[in-house]
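As you go down the protein sequences, you meet chains A and B in turn. Residue 146 in my numbering sits at position 146 of the first sequence, with consecutive numbering throughout. Residue 432 in my numbering sits at position 432 of the second sequence, with consecutive numbering throughout.
Calculated directly from the structure, the hints in this document are not laboratory data. We treat Cβ as the ideally placed atom computed from N, Cα and C, and that holds for glycine. A portion of the hints provided could be inaccurate.
Stated by the list, open to error - Not the full set, but computed from the structure, chain B residues with beta-carbon under 7 Å of chain A:
{"hint": "1", "residue": "Met1"}
{"hint": "2", "residue": "Gln2"}
{"hint": "3", "residue": "Leu10"}
{"hint": "4", "residue": "Ala21"}
{"hint": "5", "residue": "Ala27"}
{"hint": "6", "residue": "Leu211"}
{"hint": "7", "residue": "Gly212"}
{"hint": "8", "residue": "Pro214"}
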Amino acid sequence: MDDFEEFFAATYERVVRSLVLACGDQDGAEEAAQEAFARALRRWPAVSGMQRPGTWVFVVAIRYYRRYERRRGTGLIDGGSDDNGGEDPAAGVAIRVWVNNAIETLPKRQRLAVVLRFYADLSVPEIASAMRCSTGTVKSTLHAALAHLKVDLDSVRLEGPDHAG
Amino acid sequence: MQVDELREALAEKASATRIDAASARAAISRRVRLHRLRQGGFLVVLVAALTVVVVLVWPGSTPNPTIASSSPLALQGLPGSPSAVSFSTREHGVGLTTTCAVGATTDPVCDIGVLSSSDAGRSWTLIGALRHIVYVGWRGYPFIYLAARGTDVWIYGTRTFESHDGGRTLRPSRLKGLVLAMAPRTRDVWATTRPCPPSQGCATKLMTRRLGEPNWRPLPIPASFTDPYPRLLRPTDRVGYLAGEDTPFPLYRTMDAGQTWHELSAPHSIGPVSLAASGSQHVWVLAAGRESPVPAPAGSPPTTGQQKTLFSSSDGGRHFTLIATSSATRNGPPAPAGTGAGQLGFDGLVIPDSLAAPSPEHLWILSALSSTPLTGSTDGGLTWHPARLDYTGSFAASSRTLPEGTFDFLDPQHGWLAGSAQPNILFKTTDGTTWVVEPSP
Chain A
1 MDDFEEFFAA
11 TYERVVRSLV
21 LACGDQDGAE
31 EAAQEAFARA
41 LRRWPAVSGM
51 QRPGTWVFVV
61 AIRYYRRYER
71 RRGTGLIDGG
81 SDDNGGEDPA
91 AGVAIRVWVN
101 NAIETLPKRQ
111 RLAVVLRFYA
121 DLSVPEIASA
131 MRCSTGTVKS
141 TLHAALAHLK
151 VDLDSVRLEG
161 PDHAG
Chain B
1 MQVDELREAL
11 AEKASATRID
21 AASARAAISR
31 RVRLHRLRQG
41 GFLVVLVAAL
51 TVVVVLVWPG
61 STPNPTIASS
71 SPLALQGLPG
81 SPSAVSFSTR
91 EHGVGLTTTC
101 AVGATTDPVC
111 DIGVLSSSDA
121 GRSWTLIGAL
131 RHIVYVGWRG
141 YPFIYLAARG
151 TDVWIYGTRT
161 FESHDGGRTL
171 RPSRLKGLVL
181 AMAPRTRDVW
191 ATTRPCPPSQ
201 GCATKLMTRR
211 LGEPNWRPLP
221 IPASFTDPYP
231 RLLRPTDRVG
241 YLAGEDTPFP
251 LYRTMDAGQT
261 WHELSAPHSI
271 GPVSLAASGS
281 QHVWVLAAGR
291 ESPVPAPAGS
301 PPTTGQQKTL
311 FSSSDGGRHF
321 TLIATSSATR
331 NGPPAPAGTG
341 AGQLGFDGLV
351 IPDSLAAPSP
361 EHLWILSALS
371 STPLTGSTDG
381 GLTWHPARLD
391 YTGSFAASSR
401 TLPEGTFDFL
411 DPQHGWLAGS
421 AQPNILFKTT
431 DGTTWVVEPS
441 P
């Protein structure tokens, strides 16, 4: 992708929405995304030559957000417990509504992994790079999250071929 | 639950986030500039910082306009009724609302809004707005038009903006230059662009873009087409007409989605021309003479001496037939004997784009300065009957003529006519015969 404007138009909203989904903080999400895209713009000849420049921006934005949260003293992504703390969905509640609620009850780290894998379509190694952990940790985190969300694990391919651009 | 359901739930939840992409883009530019400043010396920092301050404070110098998308939006001076509409269903439509400050020697500055209706036009809500848009170097009122297809919305003209979420967030389009014609269809959109105003000579380009994709690419355009006021009609995905206003009237047709164009032998015209098409074969040309005001008796509406002639073709424009004509004056002579032509029995001025053909039988003509501003035909243009327009409210108190208006039809029975008057006024038909003003009193 040669044109930064085209890249920005195609990618920016997805990055912000992913971070808002994962972290619930739109100001922080936009701050992180804008910083990541500013860095991409400064290094555009190099970034545009990457196989998947969108993933590079995701990784930079997530790392920046982690520092942003540390500065604020919340450390939600790093410090979140893996205890799910959620409630079972009440019988009869529409699945979409339940999923919406259940996603919000996920620990931050699980939520981030789920959003990056199933909304942003990052691969497990890319998520591991963004979260600064091993691919095994990403897989176990995803499995725990999907179990909490009662997702049929047979329908899941963690190592999917999706691309984030 | 399947993983696809999880993906859908995430996408739905993510879509609730409102994002001001244009402001973000400007912020990114500022971040890059500030980064460069930090790397420079103190003096460079000082000079550049002043530049940044100017960029931030000076209203017309921001690289991108302010895109308002936070909710709820307030009209803040924008008319609450649209000057143009586009309906995707009988209930759901978007509308354009604008207000501009135009000076003789200054750049026009406009606020532009996208209105949304979910009750067939009875009520409108502002869902997106462009504030303080400066048309740098332009003199007079800028061209501002609306085109929409599904969730894709374009505000085009002197500058062009686009939205892909139904008008909520708008950003500058990559389509540069003056865009005077835009024609979206089910899979793609076409637009004409010029790098200079109509008063100057320059080449027109025809551009296309598939819906959902970011890139515009050129389509071939007839080399002989030089008209500064291009118009596009796309009655089907593959059939299109490209017309102008020159004399002789330039008219071209494509039947292969714009890959090749053929010049048509258009009827003779001496003035503004309206073009309408229905399906792949039926096309009409409303040719009109120059305005020539005729003194009207006291107490009667103003009239003009504009001669109007309607031609039609049922073979895609290869052959045109005279269908109806008007007298040169309201009480002037009828059409020449023996022509078999009908009578366009109305006075007033027709302007480009004042003709609509929602079916091969149903036609409408809007005329300004007329006692019968809207006239319809249900037999392909042979006979014409004035429509009753239900003028009410402040519009009735201020004016009873529509200087300009645009049609939008879903089918012959369901259509809207938005008049960009002071104030704007919207009419609707649900039976293809009678028109009522919206909102209903």
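Here's how the hints hold up against the structure:
no.: 1; hint: Met1; in the structure: 5 Å, holds
no.: 2; hint: Gln2; in the structure: 4 Å, holds
no.: 3; hint: Leu10; in the structure: 4 Å, holds
no.: 4; hint: Ala21; in the structure: 6 Å, holds
no.: 5; hint: Ala27; in the structure: 5 Å, holds
no.: 6; hint: Leu211; in the structure: 15 Å, violated
no.: 7; hint: Gly212; in the structure: 11 Å, violated
no.: 8; hint: Pro214; in the structure: 5 Å, holds
Hint violations for this structure: numbers 6, 7, all remaining hints satisfied.
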